[in-house]
Structure formats: C-alpha cells, structure tokens
Amino acid sequence: MSELNMSREITQLRLYVFILITLIKCFQDVHVMIFVGFGFLMTFLKRYSFGAVGFNFLIAAFGLQWALLMQGWFHSLDYTDGKIKIGVENLINADFCVAGCLIAYGAVLGKVSPVQLLVLTLFGITLFAVEEYIILNLIHARDAGGSMVIHMFGAYYGLAISWMLYRPNLDQSSRLQGSVYHSDVFAMIGTLFLWMFWPSFNSAITDHGDGQHRAAINTYLALSSTVLTTVAVSSLFQKHGKLDMVHIQNSTLAGGVAVGTAAEFMLMPYGSLIVGFCCGIISTLGYIYLTPFMEKHLKIQDTCGIHNLHALPGFIGGIVGAITAAAASESVYGTEGLVNTFDFEGEFKDMKPTRQGGHQAAGMCVAICFGIGGGILVGCILRLPIWGDPADDNCFDDEAYWEVPEDEESIPPILQYNNHMRNKDVTESNFTVEQN
Amino acid sequence: MSELNMSREITQLRLYVFILITLIKCFQDVHVMIFVGFGFLMTFLKRYSFGAVGFNFLIAAFGLQWALLMQGWFHSLDYTDGKIKIGVENLINADFCVAGCLIAYGAVLGKVSPVQLLVLTLFGITLFAVEEYIILNLIHARDAGGSMVIHMFGAYYGLAISWMLYRPNLDQSSRLQGSVYHSDVFAMIGTLFLWMFWPSFNSAITDHGDGQHRAAINTYLALSSTVLTTVAVSSLFQKHGKLDMVHIQNSTLAGGVAVGTAAEFMLMPYGSLIVGFCCGIISTLGYIYLTPFMEKHLKIQDTCGIHNLHALPGFIGGIVGAITAAAASESVYGTEGLVNTFDFEGEFKDMKPTRQGGHQAAGMCVAICFGIGGGILVGCILRLPIWGDPADDNCFDDEAYWEVPEDEESIPPILQYNNHMRNKDVTESNFTVEQN
Amino acid sequence: MSELNMSREITQLRLYVFILITLIKCFQDVHVMIFVGFGFLMTFLKRYSFGAVGFNFLIAAFGLQWALLMQGWFHSLDYTDGKIKIGVENLINADFCVAGCLIAYGAVLGKVSPVQLLVLTLFGITLFAVEEYIILNLIHARDAGGSMVIHMFGAYYGLAISWMLYRPNLDQSSRLQGSVYHSDVFAMIGTLFLWMFWPSFNSAITDHGDGQHRAAINTYLALSSTVLTTVAVSSLFQKHGKLDMVHIQNSTLAGGVAVGTAAEFMLMPYGSLIVGFCCGIISTLGYIYLTPFMEKHLKIQDTCGIHNLHALPGFIGGIVGAITAAAASESVYGTEGLVNTFDFEGEFKDMKPTRQGGHQAAGMCVAICFGIGGGILVGCILRLPIWGDPADDNCFDDEAYWEVPEDEESIPPILQYNNHMRNKDVTESNFTVEQN
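Residue numbers (the UniProt record's numbering), protein chains in the order written: chain D, 1 to 436; chain B, 1 to 436; chain S, 1 to 436.
Hints may be right or wrong, so weigh each one.
When chains are identical, the list treats them as one kind, so a pair holds in a single copy or across two.
Unchecked claim - With a straight-line Cα cutoff of 30 Å, these simulated DSBU-like cross-link-like pairs (lysine-lysine) come out: (1) K242 - K352; (2) K296 - K242; (3) K85 - K239; (4) K239 - K296; (5) K83 - K352; (6) K85 - K25; (7) K352 - K85; (8) K349 - K242; (9) K242 - K83; (10) K296 - K83.
Calculated directly from the structure, the hints in this document are not laboratory data.
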C-alpha cells in the first residue's frame, strides 16, 4: 500500500466513523420518536390514553416487521442468494415507513378498532414503499426528512380515511373528545421527545457528513423559532390571551416538518428560522380556524389535527425544498458538493438544479395522489361491516377495547360495536351519577 | 512501522471505534432502562407510585456502588497496586448487577420496607457476582443478554423471597392492589423505554462488532413479534375480547428476555421472530392462569408478575441458547467466528459446540439454584422482626413510608408496622367515606 | 507522509473519534436534560404543570436562539467574513446558557407572567455570556460542569429576582402551593432524566479524552452517594420517619452540581463519593430548615428550592474545585496532564496549581456578584407595572395563562392581573363547592 493510499484510507475512516456514529445515534433517536414521541403525543384525550399509547405500540411493532419484509422484497433482486439482509439502515427505513402510518392514525384516533388499524398499517406501509420508490428513485426528488414522502403522504392518507369513515352523529362537543389536566401533561412528554430528536429524524438518511450536520442544525433552528411564534399566535388569537395546550403540543413541531426536505440543502440558518417562524403561525391558525371548518364543511374529522401538523407544514416543506433546490448553484455548494447533495450521478448526471426544483414539485404531487388515492381505497375497505369499529357513542373511549380500572369516574358500559357504518339508534342514557 | 502494520492498525482502529461507540451508547441506554424503565414499569399500582419509582431509584443507586466495589474486589488480584479501576465496562456491569435486584423487587413490590430492600439488594448483588463468575468463567456458558444470569436468577431470587414473606391475610382483592387510569399510563413509560432500549441491553457486553450487531437486530425482531402475539392472546383470553393493560405493559417485553442468551449467536431473523412469537403467548397466558395459581396454591405472591416476564422467558432463553449453541458449526460461523462467538480460547480451546450446549444448560441450573437458594436464605433474614415492614393493611400504600399529598382521595392514617411476620389483629375500619 | 506522521495521525484520529462521539452524545443528553429534565422537574405543583413544562419549553427555545446570537457576536472578531458559524459545540454552549435561566425560573415558578420570563431570559443569557467570559477567559478558572458559572450564577440570579418580586400576601399555606399524587410522579420523570444524564452534562465541554472520562465517572459516583444520604436524612428529620418527595426529587441531584467544577480534575472516586455524601445531607437539611427560614426572614420565596439544589451545592462545588486545583501536582497528573487539565498555556503558561486555586475562588465571587447584581437589576425591571404578572391569588395557577380543561376540580375564574406590585384587595371567595 502506498502512502497516498494510506492517507486516503484514513480520510475514509474518518468519514466512516462519522456515518457510523450518526447512523447508530439517529436510529435510536428515531426509534424513541416513533414509540414514545408519537405514542404520548396522542394521549391527550381524557379517556383514550390506553388506546393512544397502546395501539401506537401495536401499529409500530407490526409495521416495523412488515416494512422490513417489504424492503427485503423490493431489494431482493440485488442479491443472488435470495436472502433478505437486515442492517441498521433497514431499521431506520422501517421506522420511517411506520411514521407515515402513525401520522394517519392521528386523524382517526379514537374512532377505529385495532383491527382497522392493522389494516390501515398493512396498506399504508405497502403504499409508502411504492410511493417512496417512485419519488426518490424514479422522479429523483430529494427528501431527507420526508416532508413529502412521510408527512404529506401520511397526513393525506389519514385525512382521506377519516373522510371515508365520516361519522355524522359524532357530536362535536362530545363529552369525551377533550383532555383532562394530566392527560395534557402526558401529551407533553410526546411533544418534547419529538421536538428534541427531530434533528436526528431529518438527518438520519442523509449519508454524507456535511449534509447530515447541516440537516441537524437547520432543523434545530427551525424548531426553535416555531416554538416562539406558536406561543405568540396561540395567545393572540385565543380569548383572554390564554395559551391553548393543543397548540403547544402540536404546532411547536411544525417547523421540523417544514424543513424536512430542505434541511440537507444550503437553507442557511436564517432560512431555517424564517421557515420555522412562518410554520408556527400557519399551523396554529390551522388549529384555530381550519380544523373546525374541515369538520363542519368538508366532513373530515381530524382528531389530532394532523392537517395542521403534517399536511400543511409538509406542503410548505415541499415548496421550500423545490425552491432551495432550484436556487442551488456551484458557487454556493461547490462542484463536488452539488453532486453529493443532489446525487447528480448515474442517470441524472446532467441534471440542472433548476430542473431538480421541478422534480421536487413532481414528488409532492405523487405524495398527495398516493395519500388521497390510497386513503380512499383503504377507507372503502375499512367501511366493510366486519371490523368491529365502535359506535359513535363509544368513540374516544378506552372502555371499548381495554379493561379499564374501575375506581375513577367511570363510564357506563353500554358499549355498541358497529357492523356497518350507518349507526343505529344509540341509547343516550349515559349520565348515571356515580357514587364514590 | 511497516505498511502491513499500519494497515492492520487501521483495521483495529475501525473495530475500536465500533466498540467505543456501542459501549458508550449501550451504557447510557442500559442506564435509562434501569432508572426510568424499571422504575416506571412498577408505577402501575394506584397508591404505590412513589414507592415504585423512588425505591427503585434508591436500590439502583445503592446497588451500583456496591456492585462497583464487588467487581473491584473480585478483580483486585489482577492489579499490583491494590487500587480499583473504574471504566465504562464496570459501569455497564454494575447496571447489570442491579437489574437482577430490581427484577426481584418486582415480586415483593408494596410488601416490604426500604430497609428490607437495601438488605435484599446487598445480598442480591453479592450472590449475583458469585453466580455470574461461576456461570460465565467456571462453567464457561455464554449469556450476553443475561437470560440466565440476570433474569432467571433475579426472578427466582425474588419469588423465593416472596414465598418466605408470604402474607396469608393479604386480601387478594385488596382495595389498593390495582391500578388507576393514569398510573397505567405512567407504567407505559417504563414499558416503552425498556422495549426501545432492550437491543442495547442484549448487545452491551458482546465485545465483537459482528456479535453486537447480531444481538441488537435479533432482539429487535423478537420484541416486535412479541407485541403482536401479546395483543392477540390478551384479547382472545379476556372476557369481551378486551385488552388488559397488565399484559401490554409486561408481556410485550418477554421476547427480549427470551433471546438474551442466543441473541449474539446465529439465531437468524426467523428464529428471533419465532422465539418472540412463542414468548408473547406463554407470558400472557402466565399472567392469566399462572399468577393466580401460584398465589393460591404455592403461596407465592408476585406483585408485578415477574414469573411471567422474567422467570419463564428466561428459562426459554436458556433453552434456546443451549440449542443454538449445540447446533453451531464452522460452516455457519466460520472458524474464526466460532472461536470469537463462543470464546473457545485458553482453557476451553478444544470445546465443541455440542458440549457448549451442555454447559449452557448447566449454567441455567446454577442460576436457578442461586436464585432459589439465595432467596430462601435472604427471606429468612428478612423475616427477622427488626426491619419495620408494613402490616398487611398498609401494603401497596405509599402512606406507610412517604409524605403523601393530602388533597386526593386519602387513605386513613391507621398505620401499623410489623415487628414480626405474624400479624396482630389489625383494625379494619379503613373504609371511612370521604367527602370531597 | 512519513511513517511517523502516519502513526501520529492514527493516534489523532483515535482522539478525534472519542471527542466526536462524546460531543454528539453529550449534546443530545444535555438537550434532554434541558427540555425534559428541567421541564418535568417543575411539574410538581398541583395546578401549574402546564406552566412548568410549557414555559420551560418557551424559555429554552427562546434562550437557545438568543444564546447562539450572543456567542456569534462574541466570537465574530475571530472571523473575517462577518458570518456566525454554528457547530455542535455552539449548540451545547447554548444549552448551558439556557440552563442558568431555567434554574432561575425555579425560584419564581408560578409567580411571574410569560412575558416576565422572556425578559428574565433575555437578560439572563446576556449576563451569563459576559460572566462566563470573565470567569473562564479572563480569570482563567476551570469549570467543566458549571458549578459556579451555571449553577451559582443561575441560582443567585433567580433568588435575587424572587427577593425583588417579594409578595408579602402570598399565603405560605396557599391551597395551590403543593403537589398532588400524580404531579409528584411527573416530577420524578424530570429528576430521573436529569440524574441519568448529569455525567454527560459535566463532561460535555471538557475536550480531552481523559478528562471527559474522569468527569463522567466522578459525577456518576457523586450522584450515587447523594441518593443514599438524601433518603437517610429525609427519613431521619421528618416526623414519623417518612420520606418527603420534595427531597427525593431535588436533593438527589445535588451531588452532580457539587462535583461540577472538580469533576474533570483528579478528584478520585472516594473524593466524589464524599462530596456526594455531604451534599445529600446539606441539600436535604436546606429544604427542611433553610427554605422556610429564607421565606420568613429574608423575604425570598423560592418555589422549587433552588437555593438547596443549585446555590449551596454550587458553592460547595466551587470550594471543592479550588481545593482540588490547589492540591494538583505533577506527580499525580503528569507534566502533560497538568497542562492539559488546567490549560496552562499561552498567557497562563507559568501558572502554578496553588495560584489556580485562588483563581477558582475568584471565579466564585464573580459568579455570585453577577448573579445577585444582575438579579436585582432585572428584578427592578420586572417590577414595572407593564408585564401582566398574576395577582397573589392566582399564583401557582395555570388558569391565569392557559386554557385549562374544565372537568376536574376546577378553580373559580376570579382572575386578577397586577398592574403594579402592591396588591389590591383580592376577593377570597374561592372555595365554592363543586358538584361532580
């Protein structure tokens, strides 16, 4: 081995180490986001915490296995021995697949049975794998943090399913569709773990040292500024200037979604801050005005408000990504940097940044189409009268699927499960006074 | 230095880095499991959350120091200067020692005083150190994730103590021996942190890159499949098909225990999935049928059901490990791989995999003997009338050892502490109705 | 490149890797401490959990950005292009800046408005940056874990503000200034995450492999022994020998504060254990005797008892650091070790350890002066009648600034905001009986 080779080898080792570290670290961080972050974020409902954290656990564990299989089959042609290889990259990718389905779960939280959730996940993972392949490989869009691939797809998938499963008699002011004091604190556990580890999420699959570093710091900055505008807008638009926990729990994360695509690009710190700033405003206003509007006029009942946390910021993220890509130039990235960042290699060797911007936009369209189309399809399946979904009166109630401890203010066990979506007359004598 | 040496050094550095990363990462993960995982897993009781998380904290902090000292003394002969060296491996080992005692705490949760817990820990760590030395060094069994060394030992140790401290008048349907809604959600924090970081636990002390990778992925897969079967069995065997939080909190972790020994071997992904699959079933059925049986007929009161989460899966893990070891061959592992994986070096240079299987089985027997024997011994000591354990009526009640805030549904302060195990007549006028 | 160079390069790479790992790992750990640790530690109040975790989130997100800017301006002279560079070291430093302000928040928890908190943070970060520069660069004191720079400064800053904002009519036995059962369990989440990750906090900015290792292990040992003495003292000094959750939540962390300065020095394991041992006693006794004394006689209302968790242990830490530094010698550290550990380079090339001890002590004085002086200054500003701080009757009540879910034992909405510090007559008809 010559000295030159040796020296090169050391440089490579340096890079290898950096990637290894971040892969291992990012994997664990993303894993925490999936199980603790998403799980606890949804515990805010007063009597659906078991369902939130428990079914989240179920979906994630099921989805991981299915995603590993799907990935294996997709890439099985690469190997000659017909075996599926599993490494830490596959585990991260599986977590990403699952994230899309968990986002969708947010829209139908409390209104579906665990069996329906498994069906939602089964199809969701499959659709995700195809959609991801089209966007990243065929269209050659870049999407490190999955603004389009994960967030937009997941959100529209969930919203379309929610639209298909519309429950006209689900009283909007249902006694169970709110939080209690401690359930809101539990939800903050989810918020904080998502918030803290989001930089790892957005930088996990960018495989070059520089891009990874950039992705983490851009995300960090965007998230910081989102918190401030969320608090400001929440206070300004609520009566008496009080803050609303729903906004703090959700909108503070919108910045992370919105820099997902552009995080690995040269978005620059001030760019990240501006994106986060805008997203905090838009997401919070979405919770105040858009969610009630969608429920009333569009027949979309969005329990967790994923439209404001994932769909809208994902949309912004896609646009920001397209613009940042189109504006890229060799003077900023350097020749090698440009090729590395946008992967202008092989078939796409002669790609220009401006065209890349167009491809990014095309990726967004694919994500929306797959989300809405897939959601309507799966919604049709979930309307079949065989899944044991709860009656309107038992929505948002753990009593329907869990053994709930008795000694607290308990809900009378008049449970009804639907055999079809049209709801029969449901007894409404639910408020029997309890004696402690 | 020749070029060959240089090249070798770079390869070594590559390995060194991998080990360093995983040691540091695994240490922190195991640490989180010990303090947050075990601590919160036991908070499910309605009025014993302080004791669960607080005494867990106390035991762990005490145990760590004692374990570091024990390790130092055990290895003090290796050093000439008589000093105890402390490095990150020692800290991981100390966490492992403590894990055994925390498992044992699960069996006696709510029925012992903090002083009894310190005694339990003091002897537990000491027994663990001897037992570990015999199993790993003398018998030369391999046990990366501690299915035998940690889980079986800890569980039988705790169960034997619980048997010695049997309380005949501890009403099985005691008003405090259940959960409330939010205490079950707290317990899920423990479950999830244990579940997510279990791959680090099982791979922490496997010191070769490949084995570590393998251990983490096998554990991950086993845990995933356990979740599915746990949910299925819980739903199938409960009245009305409802899920039981106790199963979700505990049985979902059984797969991690059961692949502990075999995780670093060539168990193969499908092997891990099958082990996890079976363990989910066995552990959940254990909670439904075995725990009540043991309490009624064997006089073993097992508060957390550690028999189903640690003893049974640990037993399965030991068997699976023995079979996997016996089935090992050079064609699968490669010559070097076989030597590295099973450490066929020095005194055990001529060991054959089939014989290794026998040694694994012998290790299991030692773990059981130490657990039961040690538990009976320590149980005798804990029956001495000097430890201030709570009367039957004050079991599962934080009021006995903690200043509890008053404003919630409070428990009347008729506290009695035992001076001996035979309980005197205890006033039972505990149910004074409270007015809020 | 010669072989010697190559060999040196490999050694350097080894060090680089270690630093890289620990920087990335420590950053994430410190980040978790800031958001989850500090946030949940303060949730113990029965009706101020939203404020605790939510305003902690707000302050931290705001402070991070401000701290990044401040750092950039401070170091802008180093760069020729006028741009602010952001790397992972800056993010860690920003977290450290924020930590000081969050400590200060502990003293005024529940008694100030979010706007006041933002002002507190704005000035706190600025003062911190100047104070840190003086202590570390001009005085050349060493303070890896920030016993002086972070903890003493933050604590005295908060206490001075609390003294300026003294509320004479804040009834000491206010119905809201206590915990409920589950709020205490939430606070334990904060305690445990702080406790587990404290070794990373103290070792994050020590940039040499050895010192970092040493800092982590010393902190680990000190924390372990603190837990034991805290439990012992809490039990001994309370009526009926019961443990107090306040001590377990707070005093168990005092050891980490107290070894902050000396952690990277050759404190030796037994030294750490002794420091932790003493701090557990002093901190717990502080909660029992000192906090009531200060509230009664010194007009300092310290909601979280930061005097006992940060000021006192920080003071001890400063002293221990000065003594350990003064006692340093080449025979223990080695010539190179001494220079590396104490950074005896450049302007301070001829520094002697004994003199370094004096500089350490000088650093303490600067920290106290900045804390108290800055606190009085900012306290004056916060007394201006424009910040919308809550009336005495609405202190410790989320109702003042948050939309609180209604269905729990609710507090009547007679809210008053102060326009000046002198409180007008406040209606006290607060105890309307609720019917569930």
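30 Å Cα threshold - placement of K352 relative to K83: Cα proximity of K83 and K352: across copies only (29 Å, versus 38 Å in one copy).
Identical-chain pair category, K85 with K25, by Cα at 30 Å: Both, since 21 Å and 24 Å are each at most 30 Å.
Identical-chain pair category, K239 with K296, by Cα at 30 Å: within (21 Å within a copy, 38 Å between copies)
30 Å Cα threshold - placement of K83 relative to K242: neither (58 Å within a copy, 38 Å between copies)
Homo-oligomer pair classification [K352, K242; C-alpha up to 30 Å]: This pair counts as neither: shortest intra-copy Cα distance 49 Å, inter-copy 57 Å.
Copy assignment of K296 with K83, given that the CA separation must stay at most 30 Å: Cα proximity of K296 and K83: none, with 51 Å in one copy and 50 Å across.
Within, between, both or neither: K85, K239 at alpha-carbon 30 Å: neither (56 Å within a copy, 41 Å between copies)
Intra- versus inter-copy proximity for K242 and K296 (alpha-carbon distance at most 30 Å): This pair counts as within: shortest intra-copy Cα distance 25 Å, inter-copy 33 Å.
Homomeric proximity label, K352 with K85: Cα distance no greater than 30 Å: between (35 Å within a copy, 29 Å between copies)
K349 and K242: within-copy, between-copy, both or neither at 30 Å Cα: neither (54 Å within a copy, 57 Å between copies)
Against the hints set out earlier in the document, violations occur for numbers 1, 3, 8, 9 and 10.
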